[in-house]
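Take the given structure of chain A and dock chain B to it, following the hints.
There are 2 protein chains.
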Amino acid sequence: MIAELICVGTELLMGQVLNTNAHFIAKELAPSGVDMYHQIVVGDNPKRLTEAVETALSRADVVLLSGGLGPTDDDLTKETVAKALGKELVLFDDEWEKLKYWFSSRGRAIAPNNKKQAMFPADAIILENPNGTAPGCIMEADGKAAVLMPGPPRELMPMFKNLVLPWLLEKAGHRLYSREIRIFGMGESDVTYRLDELIKHQTNPTIAPYAKTGEVTLRVTARCRDDAEGEALVLPVIETIRATLGDVVYDTNGRELAEVCHHALIESGRTLAVSESCTGGRLADAFINYPGSSAYFIEGDVTYSNDAKMRRLGVRKETLDTVGAVSEECAREMAEGTRKAANTDYALSTTGYAGPDGGEPDKPVGTVFIALASEDGTIVKRLNLFGDRDRIRHAAMLNALDLLRRNICTK
Amino acid sequence: MIAELICVGTELLMGQVLNTNAHFIAKELAPSGVDMYHQIVVGDNPKRLTEAVETALSRADVVLLSGGLGPTDDDLTKETVAKALGKELVLFDDEWEKLKYWFSSRGRAIAPNNKKQAMFPADAIILENPNGTAPGCIMEADGKAAVLMPGPPRELMPMFKNLVLPWLLEKAGHRLYSREIRIFGMGESDVTYRLDELIKHQTNPTIAPYAKTGEVTLRVTARCRDDAEGEALVLPVIETIRATLGDVVYDTNGRELAEVCHHALIESGRTLAVSESCTGGRLADAFINYPGSSAYFIEGDVTYSNDAKMRRLGVRKETLDTVGAVSEECAREMAEGTRKAANTDYALSTTGYAGPDGGEPDKPVGTVFIALASEDGTIVKRLNLFGDRDRIRHAAMLNALDLLRRNICTK
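Chains as they are written, first to last, in the working numbering: chain A, 1 to 411; chain B, 1 to 411.
This is chain A alone, in the form it adopts within the complex (with noise of 0.2 Å):
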């Protein structure tokens, strides 16, 4: 089955807004088995949209169109692809009744102009949209197919995830069951490299590689009946690509780096305070923002200056004016200094030099020294990063959590 998607916007044409929903709809449909070989953009305009909806429709059994579903005399996707489709729109009583529902319950007067949001071909399959006011829908001619869907990413998202997705693998007549694999410690081009037989001969499950700073994700994906045989195919996938890479996947439900810590310390029940320097407020921020952590983070100091990191941590004079701020031994007292103030079972710490200027001859722009203290004693690990000031203190807040997650997981 072959998919083709055109995006209707003339915001897009004019670089107002970022095709998020092409990247979406691209990742999601492609482990699905249904090809899609164009992407289209065009503008509010009804003879290119015609045309392109034309030529969609001779290459592809499926077109899916996004955007142009609003009230607006510009909004005139639905009109447009009816045509082309030999349909005629009529007024769906339910929808219209919904329509102004969703309007008086939130208090707003409805215009006159909504009620073509609420008319559809007679035969259309209508996707609910519990985001927004225009329905999406689905109409089939002469064997193929147009998917029609809001524009707005977070009204488009959940439909084509929750209805247009089902829909399209009924018709493949197949399911998908997916997981993903995280990774922490090593490239792209290194993971890739690793697992190239692996990749090279996938074809159920598919594997898929994305990378985003510092960081890889493995996405295992099966076609399958039904959630178990999927799992019975994705899991020895899984098993051999962490038994390839080792302890760099440090999670195989999606999970981020600073989730898997945040659920390691409220089920290990201990708490956690971090002072940090180059970092910033980065590493307590990536705690923070996970609902729950209350529960384990006692506090964090942002000691910039050498004044905070001698008066908050008890940082010894001596050690700034002998061996630096950015030192391995400055690490271990911002550490160790925490945790003896908050009380903690663990504390972290980051010191380094994230650009652009500074740096001395031996520890270089990109120098980070990073510690966890524990009742174990404290680590310190030095990382030579590179990149730009907020790539350099972005790395630095990953390095620091993936200390935490190798010596809190393990025990």
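All clues stand as given, with none of them false.
Any copy will do: because identical chains look the same in the list, a pair fits if it lies in one copy or spans two.
DSS-like cross-link-like pairs, simulated, lysine-lysine; straight-line CA separation at most 30 Å:
{"hint": "1", "residue 1": "Lys47", "residue 2": "Lys200"}
{"hint": "2", "residue 1": "Lys115", "residue 2": "Lys144"}
{"hint": "3", "residue 1": "Lys161", "residue 2": "Lys212"}
{"hint": "4", "residue 1": "Lys98", "residue 2": "Lys171"}
{"hint": "5", "residue 1": "Lys200", "residue 2": "Lys116"}
{"hint": "6", "residue 1": "Lys47", "residue 2": "Lys144"}
{"hint": "7", "residue 1": "Lys115", "residue 2": "Lys200"}
Keep in mind the hints are simulated off the structure, nothing from the lab.
Same frame as chain A, but now just chain B:
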């Protein structure tokens, strides 16, 4: 002049990569007077690429292409486009020498495959690529042109901005002058409503709004002969916008809110400390992300627990027992406590319910108190924010920055 964009890459069709190139090019092109009616994504497939190029050449003056300039067999954009334009590729000795030098200077061996990256039609214009091995090029024939650029955004973006856009503007006979107006504290629909007349009647300069979480940017762009003429066209529009919107306009040179605070602190010679509960490190992070922040940023206290609030900041137990940590009083005591401990000119604090759980009947999730302490006393503000945890924490951070901005910049 009409341009059409063709992004070449199977990774885009598979959802492995978000198409930021299309967004960037569209955004840069929008004010130039060059129209774009179609954006196309096709895979690394010679037949489908040839069709796309032929269709684009039939309806546009300039075809912009990204991707497929690498050394592998999959990379065939140059070969395909040259063929469509009836051109042969020949080796450019200069480019081959540069390529060899690029590899040898990095201590890497050059593969025979790389030779194709130095091959172009004899009459092509070469587009230098300081950020990678694949130069771009412009091929012209029969009054039409194809502009070929590499796929990686960090190679394409500078090439488009520095070489392609000036070439397009020269063809179109003008230049561009652009300024970004940054707004905090007014939503996009409110901004565009108030500027409705100005936006409706815009011709030159043009005014384009862009929204991101909690903020609005207006880009004002003039088509002009030189910067002086551009500035003369843009400045009166900026003044009208500022007069219409008032002090929600915090910068007219595209700087971030944190960046404006950062420079105001450096210029005023004042110092800062922050204490954070619900923003949990994100506020400190916003400052420390700018190089040079050590000049004023003395310390940050992430006092997420009540214990840390009392121990680190001297928040009174009575306050926590009676009105609670999410209160005007607690925000005030946090800011004043941090300012005293760190001995700074300014101290900012945040405390609130970021959700998803928690809150009180009269202080639901989204209720946040922020405070600014200085020698003039302490200002406390109650915020009623909405959205998910991340959005509430982000908005709280921006509001704290804005509180500082309004009270430091005017002095």
